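Whole structure, please, built from the sequences with the hints as guidance.
First to last, the sequence lines map onto chains A and B.
Here the first sequence is numbered in our numbering, starting from 1 and rising by one per residue.
Here the second sequence is numbered in our numbering, starting from 1 and rising by one per residue.
Hints listed in this document are in silico derivations from the structure and should not be mistaken for laboratory results.
All figures in this text were calculated on a predicted structure; none of them were measured in a lab.
Where hints are given, some of them may not hold.
In the DSS-like style, the derived pairs of lysine-lysine whose C-alpha atoms are separated by at most 25 angstroms in a straight line are [said to hold, decoys possible]:
#, chain 1, residue 1, chain 2, residue 2
1, B, K231, A, K203
2, A, K160, A, K128
3, B, K185, A, K269
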Amino acid sequence: MKLLIKSGRIINPATNTDEIGDVLIDQGRISAIGGQLTAEGAEILDATGLVVTPGLIDMHVHLREPGLEAKEDIASGTRAAAAGGFTTVACMPNTRPIIDNSILVAGIQQRAHHEGAVRVKVIGALSKGQEGKELAEIGDMVEAGAVAVSDDGHYVANAKLLRTGLEYASIFDCPVISHAEDEELAGEGYMHEGAVSAMLGLKGRPAVAEDVAVARDILLAEYTGGALHIAHVSTAGAVELIRQAKKRGVRVTAEATPHHLTLTDEEVKSFNTATKVNPPLRSADHVEALVAGLKDGTLDAIATDHAPHAFEEKDVEFRYAANGFPGLETALGVVLTALYHTGRFSLSELVGKLTLGPARILGLDTGSLEVGALADITVLDPDKVWTVNMKESYTRGKHSPFDGRELKGKAVATIVAGRIVMKNGEVTI
Amino acid sequence: MSKGIVTLKNRDILGLETMAAAEMELVLDTAREMKNIIDRDIKKVPTLRGKSIVNLFFENSTRTRTSFELAGKYLGADVVNISASGSSVSKGESLRDTLLTVEAMGVDIIVMRHEAEGSAKFASEAVSPVIINAGDGAHEHPTQGLLDMFTIRQHKGRLEDLKVAIIGDILHSRVARSNIWGLLKMGAQVHLAGPQTLLPRDIAQVGVTVHKRVEDALEGADVVNVLRIQKERQQKGLFPSAREYARIFGINAHRLTLAQPDALLMHPGPMNRGLEISPEVAYSGQSAIQEQVKNGLAIRMALLFLVLMGGKNLEASN
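See the structure below:
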């Protein structure tokens, strides 16, 4: 079965490619890239006027399975991924039970193989039960296929545990992903602490709670030589700490979410629970610092922190609402609208943050369009204007701060291992 | 804009942030007429006969709930009180479902108090009866803000250019926030003081002046509004002891001399005498604390009347 993508603008950040051409896929791998390719019997995908990129990779999603299927499961979450142009997602281990051993890692991969629409990579827990006390069996999990370990959802408050985790995980070249926020300092805050929280009366989570956590984590990475990845960076202070650490040669990488790169705490004035997320939407100065950090390479990847919840968990008073919202189906449109169409980033820069960046952090063999590589490809229309309608989304989480917004830019085809899993917004698997 | 077209008919009263100065003027003017009714021998007027009001209180309240209840009854409406402890809330019903149930009974106004910020807005989006916010968490308490402004205007004749000092726990106070929005819109100068641990970060950006020392806020103030200090704030470590609070931040006769000689002293109640306010000043000639309660009734009568009848002239609508 061959697939020929014709006349697209091929953008491949790994090789600094940005040119019109064809991509031929055979047996699930890229067999040729060039001009005027032909292949007998191949299915033709006309990409004239469209952009052909490596399949997008989201290194931070919550698929909620096992145990939290009212929010999402592997089938629904990976369909949301396909709809959004993602060919690979890495799922976080804060499920019920926690993914903290090799059997669960293997089980997720097996179920994803049968029920998933896109590739699923598993992030195992750093500590048993994510309790922050004893290391989980990291070696076993990596051998079973885990690509990183994390206690995401919680900060590793015990500095000694993070130290040993960084040391131990480095044996297996496994990055440790930190959800960096000092929980005592953040308290029971419901939004960013600042001028907006001051007048809404909602308790605030101060930016400094993230800064102190990132600072400590960087010092431990520096001391141990372990690979540290900071999840969902949201503060100017964290960006600066990471920037300085990289200059010193610390093995630290970082991601930012589409919402932290584009929305401010002003959104919370509506008391719309779709704006409740952790880390919280910050003030404009933090958003600006994040965009600058993305531009200068301090932030390596854009990741959604796709965090769907059941309707009843969001249809409540703001302070009782669950943190987080889905992001897979809106990410590309949000990022292109706010960062590409404003002239701040080139398409290639943004594609890099959604492909090569996360692939390098997690050590994946995808993220680049090369002959012989797995044919994970996204075709996108950067100029397609569309309106977000969460009622029609594939994810089970129906609350999004982007619901109803007009965006410019959308994936129009998602190809995993040479197979079209989404075309024109319809998931075909 | 002429005053004639200002109307609050069918308007949710969620807070003073979203209320225009002209609308507040209308409420204050109407409340003056309502106050006359309270002083009558026979208080009941038939203005809201056939209308029904539900006081939906998810938090304990004596004065606000009683005030709304009497306000409705004096105007002839049927008033029912629902308190959270006696409702289906304890059975785990969602706020939306509780509101839908109350709505289905055909009520005209829901007066709601709830511990969560934004809950009044939630209610206004969930159901059709007029929602009057009787306090949503630390967010707003618009009728308290209005009654405080009414009281100030009664004594000072105006709000514009007055220096109003609000003292105490601003961080957890919905009274403070409604006062700030209302007073700023009416042209007053708002000064805040209290332990820095109880002052919201960056609140100065809204246009108020923030002081670390109470004395600086009191200096030359025309009005001193003292907020209640809840004892559990001390247990949460936000200030070391009640004793130290009273000594450094409490309003007593000595400190009050820093304000204008005729400065008006207010407190939303209930007071912790000897903590945030000393009895000697609470019962002094400068104190308007009892007057505030009576004015609260007038303000709530005015609001109930205005959101249901819309008109400005009480007699005309009879």
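Right, here's what the structure says about each hint:
no.: 1; hint: B:K231 x A:K203; verdict: holds (18 angstroms)
no.: 2; hint: A:K160 x A:K128; verdict: holds (15 angstroms)
no.: 3; hint: B:K185 x A:K269; verdict: holds (19 angstroms)
This entry satisfies every hint, going by the numbered hints stated previously.
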